[in-house]
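Chemist: Listed here are the chains, written in short residue letters.
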Amino acid sequence: MSATAVAPRLHGIRHRRLTTLLALLAVVLVAIVLSVTIGSKPVPLGDAWHALTAPTGTENDLVIRSLRVPRTVLGVLAGIALGVAGALMQGHTRNPLADPGLLGVTQGAAFAMVSSIILLGVSNLLAYIWFGLAGALVASVAVFALGMVGGRGGPTPVTLALAGTAVSALLAALTSAVVLLDEQAMDVFRFWQAGSISGRNGDVVWQVTPFILVGLVLAMMNAPGLNALSLGEDVARSLGQNIMLTRTIGVAAVTLLSGAAVAACGSLAFIGLIVPHLARPLSGADHRWLLPYSGLIGAGLLLIADVIGRVVAPPGELEVGVVLALMGAPFFVALVRRRKPVRL
Amino acid sequence: MTTTLPLRTRVLSWRVRVRAVVVALIGVVLLGLLMALNMRIGDIQMSLADVISGAIDVNSPAHFVVMELRLPRALTGALVGAALALSGAIIQSIARNPLASPEILGVTTGASVTVVAGVVLTGTANGGTSGLLTSLGIPALALLGGLAGAAIVYGLAWRRGLDGYRLVLVGIGVSAVFTNIKFWLLTVGDVNDTGRAMVWISGSLNSRGWEHVVPTALALAVLVPLALLGTRSLDALRFGDDTVTALGVRVNPARALMILAAVLLAAVATAAAGPIAFVALASPQIALRLARSAHPPLLCSAIIGAVLTTAADLIARTAFSPIELPVGIVTAVLGAPYLIHLIWRSRK
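Protein chains in written order, with this note's numbering: chain R, 1 to 344; chain V, 1 to 348.
Just so you know, the hints here were simulated from the structure itself, not pulled from any lab data. It is possible that some hints are incorrect.
Simulated restraints on C-beta separations [said to hold, decoys possible]:
1. R:41 <-> V:295: 54 to 64 Å
2. R:335 <-> V:192: 39 to 49 Å
3. R:316 <-> V:63: 48 to 58 Å
4. V:206 <-> R:21: 50 to 60 Å
5. V:250 <-> R:285: 25 to 35 Å
Chain V side only, calculated, beta carbon under 10 Å to chain R, not exhaustive [stated by the list, open to error]:
6. 165
7. 168
8. 344
Rough simulated footprint, nothing fancy, chain V against chain R, three-plus residues with beta-carbon under 8 Å [stated by the list, open to error]:
9. 86 to 99
10. 169 to 183
11. 187 to 193
12. 269 to 277
13. 315 to 329
What you are looking at is a predicted structure, and each value in this text was computed from that prediction instead of being measured. Glycine included, every Cβ here is placed at the ideal spot set by N, Cα and C.
Chain R on its own, in the form it takes in the complex:
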């Protein structure tokens, strides 16, 4: 192919990618509107706008401002965080089975939360979340340290994945032991385990936002390095990549993103597992595009699943984690069956 023919083709690819990005953005916006207006008490779009811009203290204003908006914002943040974290995790471990919980984040958060209940008698959501976040960070650092000493001159995908699985299994076992001994911890744990974004107020959102924002910045910084790494460590090294630094930034990003999301919403790691597989056929292997696509698909999927969970079993609600699996997994399976999966 001559040089003149390559340029317009590259231009076309970039054009298509931007269009896809805008389309995904539009989907997320629609999902946000649905999430604000639909629920056990439907609010017309006009009233919702009124509540956001000029609240006068009506019942609808209250529902929108104190319940729906925090829930929606949390859904968007958690969806983006888990989608991006999943794509990073699969990129770094080069394993399609890797989910953002692989570094021990989910089980670390769970163990810290149930321990805080039985040891310190903690009983409010805000405090659980701090413990969950701390547990997620500690577990992830431990896994990374183990993966690092296990690999040769830095964490390799296999040692990282195995160390993560081992630490997760250990923490999950300890968590089971704790909840089997304490009924109150069991009661909190079983609802946290199902995964939910309801009943979290604005404080929870403010609590996790900084972690997710820092995580997103690190993730985007990590994208070019991860592209080089996916050519193999030797090629990456000869391209001038600092492999150790790239891996460390990647793990830090995954930890912040998924730690914050999981601490606030419970175990929703499945969304981080499937979203990159949905995004990869659209974006190709380039992480600079895969990461934003995964984030947007994650946010859209999480919000839509949450809205469905609100209306599907009146008068109660179905936890978003359950809806996600019931809705997302068949879709995921159909996708895997229809086309040849894009391999990592």
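Position chain V relative to chain R; hints supplied.
Modeler: Relative to chain R, chain V alone:
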């Protein structure tokens, strides 16, 4: 140390890896010691002589404790551990992925859903007769759920042949559905039923008897030789479908047979003792590192699975006596640090 001895007869030739054989022998000795300890220790402490005389003499007071309580329980543990580990080794070889386990094939997750549904929906909150279900129905329910789960995964992954990669992806999708239905069921029921379901989900050997030993032993007697015969095609399958086809192995029948063996092993084991955590995933990885082989050695994995489960049950039974922990909690607490140690040691 990668010494191999060629072993040839007129019809068959076999490569015997010395290190793997040594690991297997040490494992068997260790298993024997652990079983003996398991017979001796408990609410009633016995010497080995007591155990042996109790086993032989039908009229001795120790007879019931040894033959009806401790021996069947210990045998169930060892057999189930071996079956899960062998299943894990086969699946990890086929998927060419160290994170793969029977969960990927929908076996353990399928069994968990049906059992949790059984416990929660017929539980105290719904006025059911949960005692009857516990003693009779749960193994059958688990077997049914495990086989159905695997059939769903296999059916959905089949598309003009079976691709290892697609099998894994379909498996995680289907398993996620099962797992989340299980999570939901756990939130629906009474918290006491949730607790009882959690014990089963963690994997437990409490009050297991000969009715658990016999089916597991029969399944192993058929499936272990089958799996070992398939070792060669498994070795070939690791090179990727195209290469293997070129080497003259019929990919799909060989793989289908091995997957069937893995599914049956995991389903039978899960029916007997619940989805004991981590044995299927860790044992092949531990075996591979101890034997210094490139991929999970099947027989070594099975022996290590049996050792791990037996050791874990000994601790689960006696460490916090009179409280008995679910064995699955201890397998993870024992196996995880050991796997971590092996990963750590293998750095060069």
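Chemist: Establish whether the coverage given for the segment 315 to 329 of chain R by chain V is satisfied; the threshold is a Cβ-Cβ distance below 8 Å, and no fewer than three residues must meet it.
Modeler: Coverage by chain V holds for the segment 315 to 329 of chain R (9 residues, Cβ < 8 Å).
Chemist: Can you tell me if the segment 269 to 277 of chain R counts as covered by chain V, using C-beta to C-beta distances under 8 Å and a minimum of three residues?
Modeler: Result for this restraint: holds, n = 4.
Chemist: Against chain R, is residue 344 of chain V within 10 Å by beta-carbon distance?
Modeler: Holds. Min distance 5 Å.
Chemist: Within 39 to 49 Å: is that where the Cβ-Cβ distance between residue 335 of chain R and residue 192 of chain V falls?
Modeler: 41 Å, holds
Chemist: For the hint 54 to 64 Å, verify it against the beta carbon of residue 41 of chain R and that of residue 295 of chain V.
Modeler: 58 Å, holds
Chemist: Are there three or more residues in the segment 169 to 183 of chain R whose C-beta lies closer than 8 Å to some C-beta of chain V?
Modeler: holds (count 10)
Chemist: Evaluate the given range 50 to 60 Å for the C-beta pair formed by residue 206 of chain V and residue 21 of chain R.
Modeler: For residue 206 of chain V and residue 21 of chain R the Cβ distance comes to about 55 Å; the hint holds.
Chemist: Tell me if the beta carbons of residue 316 of chain R and residue 63 of chain V are separated by a distance inside 48 to 58 Å.
Modeler: Check passed, 55 Å falls within 48 to 58 Å.
Chemist: So, residue 168 of chain V near chain R? Judge it on the closest CB pair being under 10 Å.
Modeler: 6 Å, holds
Chemist: With a cut-off of 8 Å between beta carbons, are at least three residues of the segment 187 to 193 of chain R near chain V?
Modeler: holds (count 4)
Chemist: When I compare C-beta atoms, does the segment 86 to 99 of chain R have three or more residues closer than 8 Å to chain V?
Modeler: Holds, because 4 residues of the segment 86 to 99 of chain R bring their Cβ atoms closer than 8 Å to Cβ atoms of chain V.
Chemist: Quick one: are residue 250 of chain V and residue 285 of chain R within 25 to 35 Å, going by C-beta?
Modeler: For residue 285 of chain R against residue 250 of chain V, whose Cβ atoms are near 33 Å apart, the range 25 to 35 Å holds.
Every hint from the earlier list agrees with this structure, and none is contradicted.
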